[in-house]
Structure formats: structure tokens, C-alpha cells
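Student: One-letter residues, chain by chain:
4 protein chains.
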Amino acid sequence: MSLRVFVTGGTFDKEYDELTGTLHFEATHVEEMLRRGRCMLDVNVEVLMMIDSLEMKESHRHRIVDACVACTETQIVITHGTDTMVETATVIAAAVTTKTIVLTGAMVPYAFGSSDGLFNLGSALSFVQALAPGVYVAMNGRCFRWDDVRKNRDVGVFEPLGEA
Amino acid sequence: MSLRVFVTGGTFDKEYDELTGTLHFEATHVEEMLRRGRCMLDVNVEVLMMIDSLEMKESHRHRIVDACVACTETQIVITHGTDTMVETATVIAAAVTTKTIVLTGAMVPYAFGSSDGLFNLGSALSFVQALAPGVYVAMNGRCFRWDDVRKNRDVGVFEPLGEA
Amino acid sequence: MSLRVFVTGGTFDKEYDELTGTLHFEATHVEEMLRRGRCMLDVNVEVLMMIDSLEMKESHRHRIVDACVACTETQIVITHGTDTMVETATVIAAAVTTKTIVLTGAMVPYAFGSSDGLFNLGSALSFVQALAPGVYVAMNGRCFRWDDVRKNRDVGVFEPLGEA
Amino acid sequence: MSLRVFVTGGTFDKEYDELTGTLHFEATHVEEMLRRGRCMLDVNVEVLMMIDSLEMKESHRHRIVDACVACTETQIVITHGTDTMVETATVIAAAVTTKTIVLTGAMVPYAFGSSDGLFNLGSALSFVQALAPGVYVAMNGRCFRWDDVRKNRDVGVFEPLGEA
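Residue numbers (the numbering used here), protein chains in the order written: chain A, 1 to 164; chain B, 165 to 328; chain C, 329 to 492; chain D, 493 to 656.
Just so you know, not all the hints are guaranteed correct.
Stated by the list, open to error - Taking lysine to any residue and the SDA-like style, the derived pairs with C-alpha atoms no more than 25 Å apart in a straight line are: (1) D/Lys-643 to D/Ala-622; (2) A/Lys-57 to C/Leu-347; (3) C/Lys-479 to D/Lys-643.
None of these hints come from the bench; they were simulated from the model.
Input sequences plus hints: build the corresponding full structure.
Tutor: Shown next, in the form of C-alpha cells:
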């Protein structure tokens with residue numbers, strides 16, 4: 001049984017452009033990360049877009065939903081910017097109910113030494129195999145249902161709605 | 165609800181000793197790895213031993229079993245050398261049946277740039293939260309039951325018994 | 329005999345702010361870099377400012393010149409943003425003639441995995457010990473006199489004025 | 493004017509073999525390190541051998557001397573294990589007097605995150621351009637003449653003969 005990984009960009013895949021001194025996108029690092037994790041799962045990686053999640057519009061989210069519906073896999077991981085990850089999860093949950101879909105991302109780009117990206121990818125790929133159909137956010141070692149999670153921007157962590 | 169992480173050493177925690185040019189153990193890297201993963205789980209890390217799993221004797225495995233039985237947590241991750249990880253899992257499975265216990269490790273020390281350790285730790289902490297009681301090995305992005313896994317030493321990956 | 333290192337900021341010392349997703353300055357990494365290089369030189373590190381060299385004004389450069397004049401050391405390394413490194417070198421050269429002063433920087437922040445910073449710091453600390461009094465720029469493994477160097481912004485490397 | 497880099501192995505180039513759990517040699521990392529340092533020097537890299545310097549015999553040192561004599565470059569950097577670096581420097585100094593030759597190495601393999609290798613390579617490439625003909629050891633940010641240096645094995649640093 002194979003898994004699908006949809007790449008949408010986000011901090012996860014940002015790189016430092018040494019000519020301009022700014023952060024930008026080149027190719028995704030997901031394949032390199034899977035190799036580094038010695039991942040032996042049958043994973044199909046597909047880049048849907050490479051954008052900052054603050055720039056994600058309704059049309060982008062429709063593209064993601066369509067891809068989740070169209071693919072043959074029933075276990076899907078989506079790499080996504082953290083700022084609007086919950087919005088995208090909500091849109092997906094309204095449209096897809098028979099697949100297990102886990103969104104994840106990173107607070108620090110994978111290309112930077114101190115990134116949480118590899119930890120989060122390992123986490124998301126594991127939750128997606130073990131959980132019942134539904135839409136989830138995997139961050140900070142935890143897994144949240146799409147309707148019980150928010151990003152706490154003050155401290156940069158995800159938490160359930162009930163947590164202060 | 166809190167999780168327990170038992171550290172036993174293994175490649176995961178090996179370091180380069182620059183005075184002797186050999187690999188050895190100092191303190192565990194697990195806490196540093198949890199910080200890097202921005203892990204917000206309530207995790208109690210306890211170092212049981214710091215040894216190469218090829219040096220693990222019956223007495224060491226009894227110590228691990230005793231610790232699994234004695235702790236109040238019902239979700240336990242054990243970091244372990246890969247060479248005898250399956251043997252230890254087998255001993256634990258004979259003694260502990262009401263807890264979810266996931267063993268993991270690394271093919272390359274965390275202290276080296278290209279380690280799979282952070283990926284594996286994220287994976288193990290996720291499987292331990294999602295799976296039913298039992299003893300498992302989480303490596304290569306996959307999770308195996310203790311009685312259906314072996315390390316394929318020729319290629320350095322874990323596989324189910326049925327896989328060639 | 330001791331050396332002085334003056335820190336002024338620049339890409340060299342930039343970090344990723346995970347709450348805002350932007351690059352900013354915290355503490356300098358120079359001491360950590362000296363430890364990593366197992367540097368046994370008697371080095372006095374002093375932070376003069378932590379700014380992007382594009383924001384460097386005349387008053388900042390006067391502060392750097394004053395510090396070069398005032399310190400007792402005759403061998404000085406200055407970490408500096410690459411964009412206006414040559415301008416600062418020119419101002420220093422007009423004021424200080426009896427000391428060996430080497431400016432260096434980085435194209436990628438030290439905190440990011442692929443930084444050239446450690447290479448450049450090793451280079452600058454070596455040239456400053458070996459060269460006659462004067463003001464120099466050490467980048468790309470080369471050492472340039474202050475009046476025969478420019479940053480080629482198209483390719484992100486330093487070159488002598490005569491090179492196309 | 494071009495420089496020559498002769499690679500002989502040493503800790504500098506050691507890697508972790510994940511199948512055996514031991515340190516061994518594969519290809520040299522020098523070219524990758526030069527790219528990371530954005531080095532724009534005209535450098536010819538040549539691998540003479542890939543061995544631990546404790547295994548270096550008279551015949552190996554003769555090969556190194558012959559290579560130093562035969563090459564057209566007059567500025568030569570040699571990467572070398574630290575344990576017998578001074579012995580090799582002594583043999584070269586007896587045979588080559590008209591070139592500037594700088595030996596360097598690393599206390600921790602470049603492939604490991606915390607290596608001093610990039611710092612040392614930047615240092616050696618700089619000293620070799622700036623110093624008069626002679627044979628030198630560049631380690632710990634310092635440059636020593638071949639006849640006034642020893643490795644202090646207790647602390648893992650190089651020092652002049654007069655230093656306690």
C-alpha cells in the first residue's frame with residue numbers, strides 16, 4: 001500500500017537566497033528528507049505548489065482538495081506553511097471524509113541546521129498510517145483533529161482549542 | 165497524559181571522541197532532539213543505560229522490562245541499538261501486555277549531520293500515541309509488531325519476516 | 329600576542345526568527361565558531377553593533393574606525409555584511425595605517441547548514457597573522473587589498489577591480 | 493597562479509559506515525568543502541591516498557614527498573591525519589625547500605556536524621598564500637613551523653615545542 005505526500009511549500013521548504021539575502025523557494029526537500037530518514041515506505045511525492053501559506057488563496061486550497069480526492073492513495077501527508085494550515089485542513093475536511101489526511105510543516109526551514117522538519121515528517125508519516133480516516137494536523141509531536149486545533153502565534157506552537 | 169522515554173544507548177546516542185578517534189557515549193541527545201522537534205508532549209526521559217546493543221546481556225534486558233512494568237505511563241518509547249532491538253522487543257513482549265511500547269534507534273548517530281535519528285524519534289513518539297497496547301519496532305518510517313520484524317543487515321533496514 | 333575580533337553583524341550572524349518567519353540578529357556566533365575551530369589563538373571578541381551592512385551609516389563606520397584605533401591589538405579581524413564591506417574597508421584604510429585589519433563575512437548565515445562562515449573566519453584569522461599592516465578583505469579563500477576589490481553582486485563573489 | 497591540495501585521508505575525511513558501525517573512508521570531502529567556502533582560488537585537488545595517519549609508512553611519506561616535488565604549483569596544502577602530521581612535515585622539509593607547504597587536518601570528521609575541518613581548510617589555504625617557502629602545520633587557528641610543533645595528545649591541540 002502506498003502513501004501520497006503533497007508538497008505545498010511553507011517554511012518547511014524555504015531556502016536562503018545568497019544573492020538577495022532573502023528566503024525563497026527552490027525544489028522541495030521532501031525526497032532528501034525521506035532518504036535521510038531511511039524511509040522504506042512506498043511514498044509518492046507530488047509538488048502541488050511552492051508558496052508561503054500566507055499567500056494561499058481559495059483557488060490554491062481547491063487545488064489541494066482536488067488532488068486529495070483524485071489520488072488513489074487513502075493515506076495522505078500534506079506539507080504546508082504553519083500560518084494557515086488549520087484553514088486548509090478545514091476546507092479539506094468539508095470535502096474528503098474517507099481518507100486519512102495529515103498536514104504538517106516546520107517552524108524552521110529544513111535547510112537550516114536547527115529545523116524541526118525531519119521530526120515532523122517522521123511524525124506525520126506515522127500518524128497517517130495509524131489513524132482512522134479524518135483530517136489532522138501533526139505538529140509538536142502531537143496530532144490534532146482539524147476542528148480542535150489552532151496555532152498559538154505568541155509562542156509558535158499548535159494547541160487544542162480548549163488549551164489556554 | 166504523559167509518555168515515558170527510556171534511553172538505552174545504541175548508535176542513536178554515539179559520539180565521536182576526538183582524543184581517541186573512536187565512537188563512545190556521553191550524555192543522551194534525546195532532550196535536545198525533543199527541543200529541536202518543538203515537542204510539546206509531556207515526556208519523561210529516563211536513561212537506563214548507555215551501551216551498544218551488541219553488548220546487551222540478559223541482565224540489561226531484565227532492567228528494561230522492570231522499568232517498563234514499574235513506570236506509571238502506558239505509552240513508552242525505548243531508544244535502542246538496532247542490532248539487537250528485536251531481541252529486546254521479544255523479551256519485553258513476554259512480560260508486558262497492557263502498555264504500548266515502541267522501540268526505535270538510528271543507523272547514524274544523531275550527532276552526525278546525516279542521522280535518521282530525529283525522523284525516527286518523531287515516528288516512534290507518534291506511533292506510541294496511536295497504536296493499541298503491544299510491543300513494536302519503529303524504523304524506516306514503518307512500524308512492525310515485535311514478532312514480525314528483523315533487521316536485514318545486508319542493507320541496513322528493518323523488514324517484516326515475510327519480505328525477502 | 330592577542331588578536332581582536334570586532335563583530336558588526338551582517339549575514340554571518342543572522343538567524344531565523346521562527347515566530348515572524350524573518351531573519352534577524354540575536355547574539356553573535358563568533359565565540360561558538362572559534363570553539364568549533366578548536367581555535368587556540370588569544371582572541372578578544374567585541375561586539376560593536378549587530379546590523380545589516382546595508383543599514384550601516386557614516387556614524388557606524390566611525391565607531392568601527394575608533395575601535396580599531398583604540399584597541400591595543402595590532403591584528404584585527406572584523407566580521408561585516410558583504411554588501412558594504414569594501415566601503416567600510418576604505419574608511420578604515422584612511423584612518424589606520426599601522427595595523428593589519430582583515431574584514432570578512434559570509435554569503436549564508438552561520439546558523440544555516442551550508443554556511444561559508446566557518447571557512448571565512450579560519451581564513452581571515454590566518455591572513456591577519458601573516459600579512460603586513462594594511463586593510464584587507466578576506467572572502468572566497470582569497471585576500472584583497474581594500475583598494476583592489478569589489479563584490480560582484482551578479483554572482484555573489486569578491487574579485488579584484490581588474491577582473492571582469 | 494594555482495594551488496595544489498594533496499589529500500591523504502585522516503580524520504578530516506572519515507565517514508560513518510552505517511552497516512558496520514565503524515569509521516571508514518569513501519571519497520574525499522575537499523571539493524565539497526571548497527564549494528561550501530565559496531572558494532574562488534584556482535585549486536587542483538589530488539587524492540594521494542585515503543588512510544589513517546597511524547597507518548602511514550615510510551613508503552606513503554615518500555609518495556607525498558614525490559608529489560610535492562613533481563607538481564608545478566609552489567603553494568601546496570596537504571590534508572593529513574593529526575597523529576603523525578608532524579612526522580610527515582619533517583620528512584617533507586628535508587626534501588623540499590623552495591615551496592610553501594601547509595599541512596592541516598581535523599579533530600572531528602567533516603561529515604559530522606561539529607567538525608573543525610572547514611575552519612582548518614580556510615586557515616591552511618590562507619597561510620599557504622601568505623607565507624614564505626617552508627613547511628608548516630596549520631591547526632587550531634595557528635601556523636607552526638615543522639620543527640617547532642607537536643600534537644599534545646592529552647588535550648588534542650597542537651602547540652610549539654616550548655609551550656608546556
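Student: Holds or violated: C/Lys-479 with D/Lys-643, Cα cutoff 25 Å?
Tutor: violated (39 Å)
Student: Below or equal to 25 Å on CA atoms is what counts here, so check A/Lys-57 against C/Leu-347.
Tutor: holds (22 Å)
Student: Quick one, are D/Lys-643 and D/Ala-622 close enough, alpha carbons at most 25 Å?
Tutor: With a Cα-Cα distance of about 24 Å, the restraint between D/Lys-643 and D/Ala-622 holds, given a limit of 25 Å.
Taken one by one, the earlier hints fail for this structure only at number 3.
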